[in-house]
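The opening residue of the sequence shown carries number 38 in this note's numbering; numbering runs sequentially from there.
Heads up, some of the hints might be wrong.
Stated by the list, open to error - Derived CB-CB ranges, DEER-like:
no., residue 1, residue 2, range
1, Thr59, Gln234, 30 to 38 Å
2, Asp406, Leu184, 24 to 32 Å
3, Leu413, Leu78, 43 to 51 Å
4, Leu78, Leu184, 16 to 24 Å
I should point out that these hints are in silico values taken from the structure, not numbers from a laboratory.
By construction, the Cβ of each residue, glycine as well, lies at the ideal position given by its N, Cα and C atoms.
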Amino acid sequence: MPTATNPIDTPQQRQHEHLALTYFNHPEIVVAREEVRRYWLDLVQPSKDQLSCFDWAFEEVMFGAVIWALNQDPLYPKVITITRLAHQLKDTRIPGSRWGIDNPDSVYRVIPISGDESYIIRGRVADRRLVENYFTLWSPVMQTVGLLSGKDLVIGDDGYFEITVDREEANGRPNHIQSCEEAHEFYIRDVIFDWAQDRPNELSVERLGPPPKRPPFSETALLERVKEYMHKWATNTTRWNAQAMNKPANDFSFTIDRDSDGALRNQIYILGNFVLPDNDSAIVLEVNMGGAEYFIAPITNVWGTSNEIVTRNGCLNMAQSQANDDGSYTFVLSIRDPGVHNWLDPSGLHDGILTLRWAEFPNDQPRDDLGVVSRLVPLTALDSNLVAGTNRVTPAQREAVSSQRVRDYSWRLDEGFESE
Numbered sequence: 038m039p040t041a042t043n044p045i046d047t048p049q050q051r052q053h054e055h056l057a058l059t060y061f062n063h064p065e066i067v068v069a070r071e072e073v074r075r076y077w078l079d080l081v082q083p084s085k086d087q088l089s090c091f092d093w094a095f096e097e098v099m100f101g102a103v104i105w106a107l108n109q110d111p112l113y114p115k116v117i118t119i120t121r122l123a124h125q126l127k128d129t130r131i132p133g134s135r136w137g138i139d140n141p142d143s144v145y146r147v148i149p150i151s152g153d154e155s156y157i158i159r160g161r162v163a164d165r166r167l168v169e170n171y172f173t174l175w176s177p178v179m180q181t182v183g184l185l186s187g188k189d190l191v192i193g194d195d196g197y198f199e200i201t202v203d204r205e206e207a208n209g210r211p212n213h214i215q216s217c218e219e220a221h222e223f224y225i226r227d228v229i230f231d232w233a234q235d236r237p238n239e240l241s242v243e244r245l246g247p248p249p250k251r252p253p254f255s256e257t258a259l260l261e262r263v264k265e266y267m268h269k270w271a272t273n274t275t276r277w278n279a280q281a282m283n284k285p286a287n288d289f290s291f292t293i294d295r296d297s298d299g300a301l302r303n304q305i306y307i308l309g310n311f312v313l314p315d316n317d318s319a320i321v322l323e324v325n326m327g328g329a330e331y332f333i334a335p336i337t338n339v340w341g342t343s344n345e346i347v348t349r350n351g352c353l354n355m356a357q358s359q360a361n362d363d364g365s366y367t368f369v370l371s372i373r374d375p376g377v378h379n380w381l382d383p384s385g386l387h388d389g390i391l392t393l394r395w396a397e398f399p400n401d402q403p404r405d406d407l408g409v410v411s412r413l414v415p416l417t418a419l420d421s422n423l424v425a426g427t428n429r430v431t432p433a434q435r436e437a438v439s440s441q442r443v444r445d446y447s448w449r450l451d452e453g454f455e456s457e
């Protein structure tokens with residue numbers, strides 16, 4: 038079965054990104070962005086290091102708000118990828134759109150719906166099935182009101198599937214999600230565990246029934262919605278970050294409520310803020326997986342975006358990491374390369390947020406040993422703070438791994454959608 042080289046890069050996605058760029062540069066939005074800029078800087082009062090990454094992160098968060106705001110009409114729904122790195126569409130630079138303490142492994146897509154309407158989501162899975170894929174139906178305040186796991190999808194021999202969405206019960210229909218009055222949009226997460234081989238599902242959506250009783254939202258309405266989303270993105274990011282920033286530095290013990298405020302079910306999130314006092318310090322993290330099939334440790338800044346994830350180790354998942362002899366994983370977060378395979382590189386920032394995510398447990402229950410122990414140590418004392426079997430790397434090995442990382446990610450940025 039042929040598979041799209043880049044299922045993110047659909048004609049609809051390209052058209053939407055060009056439209057978003059037009060709105061992003063609209064005079065009203067440029068003025069509104071500057072207002073949000075001043076508001077956000079005053080709200081956060083960032084450290085020197087966090088201020089140094091503000092300009093590029095601000096562009097991403099604001100463009101991400103535009104991308105999302107322009108796909109909010111349930112009578113004219115589209116399947117749109119909402120968090121991407123900056124990329125080229127022919128001669129046009131499309132800004133990045135990461136936001137919301139993003140998981141760099143995940144392809145996040147949204148589909149607006151109304152509980153008063155009926156829809157069909159059509160798709161096709163790749164030959165290599167994803168370790169994690171969820172169709173989450175959200176309320177307007179990001180509370181889960183419906184859920185379908187990719188592992189429960191009924192799929193034809195050719196890899197195609199259909200998901201029905203309406204207010205009725207399934208009544209024998211496979212792949213049915215019952216909507217409700219609170220239903221607002223689908224938040225679809227495809228986890229790219231193996232960056233080289235995994236591909237997200239191909240997706241499209243059709244609203245059923247008679248033609249819409251009204252035209253699409255007007256430009257005036259869309260401009261107001263974009264302004265609302267830009268401000269909301271800044272406020273929500275800061276509010277979410279407070280869950281980590283209000284805790285002691287380098288303490289990774291706070292677990293997010295998974296059933297509200299945008300957290301995703303079937304995952305465990307432990308997060309905290311880190312502070313490296315100098316370039317010669319390191320945070321050693323001993324992580325037990327608790328039986329999870331999936332784990333990732335991404336570093337984000339206070340603006341809610343991950344840092345450099347392609348040319349640097351701004352995140353590591355289980356597939357990119359190496360286990361200790363006892364099955365645990367040791368990660369070292371430090372400015373300088375510690376010579377440990379599982380190095381989390383904060384991209385030159387001495388402070389930020391680390392969110393540890395576990396998912397996909399046998400019988401949906403983690404073992405009791407799931408967790409993390411962290412300690413701040415001098416790099417000179419690193420060896421005595423590593424458990425037996427911690428894997429080391431030479432500079433040449435690090436360069437080889439880093440080069441492979443760039444190659445493995447490259448398809449996500451390419452124009453490469455192939456349609457039958």
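Verification of the supplied hints:
Evaluation of the 30 to 38 Å hint for Thr59 and Gln234 yields a pass: the beta carbon distance comes to about 36 Å. Taking 24 to 32 Å as the suggested C-beta distance range, the pair Asp406 and Leu184 conforms, at roughly 27 Å. For the hinted restraint 43 to 51 Å between Leu413 and Leu78, the CB-CB distance of approximately 29 Å leaves it violated. Between Leu78 and Leu184 the beta carbons are some 37 Å apart, a value that contradicts the proposed interval 16 to 24 Å.
Of the numbered hints given earlier, the model fails hints 3 and 4; all others are met.
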